[in-house]
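**Q** The residues making up each chain are set out below.
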Amino acid sequence: MSIKRIQSHPILNVPTDAEVPFTWNGTPLTGRDGEMISSALFANDIHVFGHHYKDGSPQGLFCANGQCSQCLVIADGVPVKACMTPLKKKMAVQSVEGLPRLPEVADKPVLEPPVEKSVAVLIIGGGPAGLSAAIELGKLGIETLIIDDKDRLGGKLVLQTHKFFGSVEDSHAGTRGFEIGTLLEAQLLSLPSVQIWLEATAVGVFSDGIVGVVQKNVYRKIRPEKLLVTTGAREKMLSFPGNTLPGVYGAGAFQTLVNRDLIKSSERVLIVGGGNVGLIAGYHAIQAGIQVVALIEALPRVGGYKVHADKLMRLGVPIYTRHTVVAAHGDAHVEGITIAALDEGWQIIPGSQKSFAVDTVLIAVGLAEVNEFILKARQWGMDVYAAGDAQEIAEASAAMFTGKIEGLKIAKDLQRYPGEIPAEWDEKATILKSRPGAPVHREPPPGEEGVMPIFHCQQEVPCNPCTSVCPEKAIRTEDDRITGLPYLVKGATCQGCMACVAICPGLAVTLVDYRKDPDHPTVTLPYEIWRDRVKKGQRVPVTDRDGAILGYYPVQRVVTNPKRYPGTLLVQVKLERAAAKQAIGIRVQEVQVDPSTVYEKAPLPDEAVICRCERITAGEIRSSIRSGVRDMNQMKALNRAGMGACGSKTCRPMIRRIFQEEGVDLESVTDRVDRPLFVEVALGILAGERKGERDG
Amino acid sequence: MDNIDVIIVGAGSVGVPTAMALGALGMKTLVVDGNPSPGQGDNKRAIGGIRATHSDPAKIQVGLRSLEIFSTWSTIHGDNIEWLKGGYLFPVYREQEEQALKKLLPLQQQFGLNIDFIDPEQLRRIIPGIDPDGLRGGTFSPDDGSASPLLAVNAFARKALENGARFHFNERINTLMVEKGRVVGIQTDKGRYRAPVVVDAAGAYSRPLCATAGVDLPVFPDSHEGAITEPVARMFSCMVVDLRPGPGSKNYYFYQNSHGQVVFCITPDPPIVGTDTRETSVFLPQVAARMVSLIPRLKALRVRRVWRGCYPMSPDGSPIVGWSPQLKGLFHITGMCGQGFMLGPGMGELAARMIAGRPSELDKAAIAVFSPARQFSGVREELK
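Protein chains in written order, with the working numbering: chain A, 5 to 700; chain B, 408 to 791.
All the pointers check out, no bait thrown in.
Label pairs and their in silico Cβ distance ranges:
id : chain 1 : residue 1 : chain 2 : residue 2 : range
1  : B       : Gly-571   : A       : Pro-609   : 34 to 40 Å
2  : B       : Pro-677   : A       : Pro-107   : 36 to 42 Å
3  : A       : Asp-669   : B       : Ala-618   : 32 to 38 Å
4  : B       : Ser-481   : A       : Asp-417   : 55 to 61 Å
5  : A       : Asp-669   : B       : Arg-579   : 19 to 25 Å
6  : A       : Asp-59    : B       : Glu-768   : 49 to 55 Å
7  : B       : Asp-412   : A       : Asp-59    : 43 to 49 Å
8  : B       : Pro-677   : A       : Pro-32    : 54 to 60 Å
9  : B       : Ser-767   : A       : Pro-107   : 48 to 54 Å
10 : B       : Ile-483   : A       : Pro-609   : 34 to 40 Å
Hints are computed from structural coordinates only; laboratory data are not their basis. Please read all numbers here as calculations on a predicted model, not as lab measurements. Note that CB positions come from ideal geometry on N, CA and C, so glycine has one too.
Produce the entire structure from the sequences given, and follow the hints as far as they go.
**A** Here is the structure:
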């Protein structure tokens, strides 16, 4: 039995499948049949998958999304991406030490040249945008093929255990992301004109109008009349020494491990980046029983939703704003991280360095559109559309809307939809894409009798499920805008049903009930972490919005409604009157990790690796720029930056940033030329070898 | 900008080494290219094979000199251009290829080339895992090899700069300037430059360039796709050329470069005439089927990137090098028919000697063979 699995989870069901045997470098281990090899290895606490052929640096999981090639392993003799290859019983998995050796093959393969398939609409990506678009097209009976490279639909919805923002009627607000994915999938399955291919990776868009797709090891040429790109986004990376050590990866990769695969991938993490992705990853870590040592953000305040930041602080995660990463430390794996405070001019304040002992650093410093498909298709003059993050980085709720809009646009362009695209869809999509407003201070409402909800929501975000669930219609938002802050309508009566507490995605609503004991009102707190820590009679550390402990109070009662509000516990405590309206959370991380470990080695920023595939450092990029190179293609020719497996998906923005650091106007820099393939494909698959094909 | 002796149009496989060679002879050279840096046209689309084992004596001579420059470059000049002496190997499965290759051997050996027909056993030691079924042997020339076109062109550009050449990039050439029946310079989108000699090293774009001065040059580009794989542990070091035709293609060829990546290319049949360099969906399945049938082990090898480049074809398959018979001052070094990279350094030196008016006795044969004034018969060189 592998050891690093999440044994229980407050939101997700823990699979109980029996494990199958496999070997790692000859050592017998067990893993779940069909899980990705990378997860099976992590479950066995194996994080180093090999060593780079150029400098011997340890390699491991990075994107967990099939995009990079850092997780290369040898499976039954063949080099594969561990994060995209399912584990099979008795598989012999080996680390890649240096260059992989291809297995010797005696027999000539039997080939069947790839066939071409024409479709009215091809959708690349089965996430929120792609699913929503496919549903619109399917409703109109339009022949649509939707492909996704994973073994299930939902895209990043699969990873989202938190309740969504937005509105109930438009974007399933209040429902957890992974459940929304299931809802959309169910809707799609009822539409016969939509064909779904899973484990189907689009690998190139060619000038003859063909999209090359590898579906379960079979190469297929798809000729779409209309192409919709809903490929989402990829995570940006930061430049700092130690940035490619196993254990430094994206927050999205982390969510894949813990939420999709239920792997306890770490013991202690530090999160870099205070956008929603980083904040939510912190929350997910704690749900997975992983300690979050700190979250740092370079800006003066976090950029994500304040309710997400408040949730983290209440659980006991310190947030350091105006801080940056100095270096990650460790030989074969991350062992620690040093951060430092930034001054107004973005320079490190001397002496402000702090080091933490952590095994994982999550990078959540923004997303970039996966746009290689749309750029190529546009270059070839194909009829191409984009929705979701591939169109513009925003929340998944917005992606569902842009998906719907683009789906209907395609139907219209195919002359299969005579109507107009509802004007309010565009408005709603725009609202859902809107950035959060500035935090405001709101005093709790007056009055200390009866029962009333308290809204600890202090920032305008597109979200109003509380208004939908109130049976008395007693909750409204300011000016009835979806971004308006909620309030209890004057004179309205609250029945104390707790629905608003249970549905709030920000866990920012409490119910204060003065009816039984006006001096010690009962406060209902939303809670989504460990059930066994909030049993009746247990004293729990109740916090205010910013995470300060108001006191320890015994739990009076725990209310659940697994059908309507699965996963959310409504924990009732009795507080003194003065504190009742402040109470909102229960701390989980009662002991914080002090920044104590000091690392002697002070690496130089230029030691950071920019091109992970070819191991090109910031220093090498810098010296190339200083020698006069202004053409990224020439830079690639000279030092191979961006020449690796991933096709510069990670390093391109980092190289551009170094140009800027060097004072070079990006207008004077020639961008690199991108060519297919966007992910590597074996010659045997391209040739049409039929062995290894699976049903589907 | 005054006192330029020579303007070279094109900073690619041919233009850059020509600038380097002209500089070495003390001539002031300006190289102009519409691309942003050296080799960003078809140079970077070359796969990097270098051989002297041609079937025409003039090309053998230039090829040998080129081979010498590539193979000694890092020792003499320091830059690593990833020269790999792996040889060229033409495996043979059919009578007709065996005969064709064997017919060339006496001539090739007469010119001092290290090449021979080897038996299947020897061949299988050079490329373990090659399909043994019907293998008759093949020719192997161990002194040939490969280098990185990307690194080589940049190394040559560095040396050209050292030799006094100047480069203008991101500058599109609009016309050749002609006065009183001779070329006097070029006009670009950024200005005019005067020089008594203009070198046409424009490769696939030579014909339209020369047409701006009313010169009709028979260079007709066609396009070929190429690709590169992930790096893997060394399987073989030679360039493998399979001369057999296949569906939609003639020969195809590949080698494993110094990083362990396999680089490959195919010759479409019929040729895809024109300068379209957009990637198509046809190439990969077509070439992959042939490669994995020849060496089944390659089936697990993953293709990383694909591209398409142009071969500037001359009617007879031989380069066009020399003074224009139609316009004084215009010197062609073009029509390399896909061999610009491997022939570039030797050809650049030959061109430089001719431009400087100092051709050697040994150059005479080559000058005649490559002459732009020759009759283009349409009969191709055997080993093109």
